[in-house]
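Go ahead and model the full structure; you've got the sequences and the hints to work with.
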Amino acid sequence: PETLDMDMSALLTAPPAGPLSTSVKPCPEGEFRAVIDDGEKWISFREFDSKKNGQTYQTAEVTFKILDDEVRKTLAKDNVFVPWKTFLDVIVVNGNPALDSTEGKNVSLGRLMDTAGVNGQGILALRGKGPFMVKVKHRPDDKDPTIKYAEISRVAKIG
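Residue numbers (our numbering): 32 to 190.
Be aware that one or more of the hints could be misleading.
Stated by the list, open to error - Derived pair list, reagent style DSS-like, types lysine-lysine, alpha-carbon separation capped at 27 Å: (1) 168 / 179; (2) 160 / 82; (3) 136 / 56; (4) 108 / 96; (5) 136 / 166; (6) 83 / 188; (7) 179 / 108; (8) 116 / 166; (9) 108 / 166; (10) 104 / 179; (11) 82 / 188; (12) 179 / 116; (13) 56 / 179; (14) 166 / 179; (15) 72 / 108; (16) 179 / 82; (17) 168 / 83; (18) 82 / 168; (19) 136 / 108; (20) 56 / 83; (21) 160 / 83; (22) 166 / 72.
Since the hints were derived computationally from the structure, they do not count as laboratory data.
Right, here's the structure in full:
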């Protein structure tokens, strides 16, 4: 992002241009052509402790860019990004994290990598792959069901 070379404290006394937005319109539900983003934030990893059982879990979020002109027009955005999320089965090998490749582990990620034609090549091989047909579904916010988040629920090869 571009660094602003100005005194941001001026915002404290600046007259408002009008009310600020209070919601973000998600990508509509449906099936669209998409590619895995190739920017800096194409993938992110998260670790969290379950409130239910106290176990630690790892997840990955892969960002897809929707290629549908109507969606971009409807949302008034140059780029529409929608995440695909999965839990990861991680083991430690020589002191470093590694994906568990034993039978029945990392199946969702394996399916995505297989669809992209890069299964067995490592996660980095996914960056920028596509196009695919993706299915976008909405998930309600845990605390406010009127807030909806768009997520990729299915990824398929084209043709």
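Violated constraints from the hint list, given by number and in increasing order:
2, 3, 6, 11, 19, 20, 21
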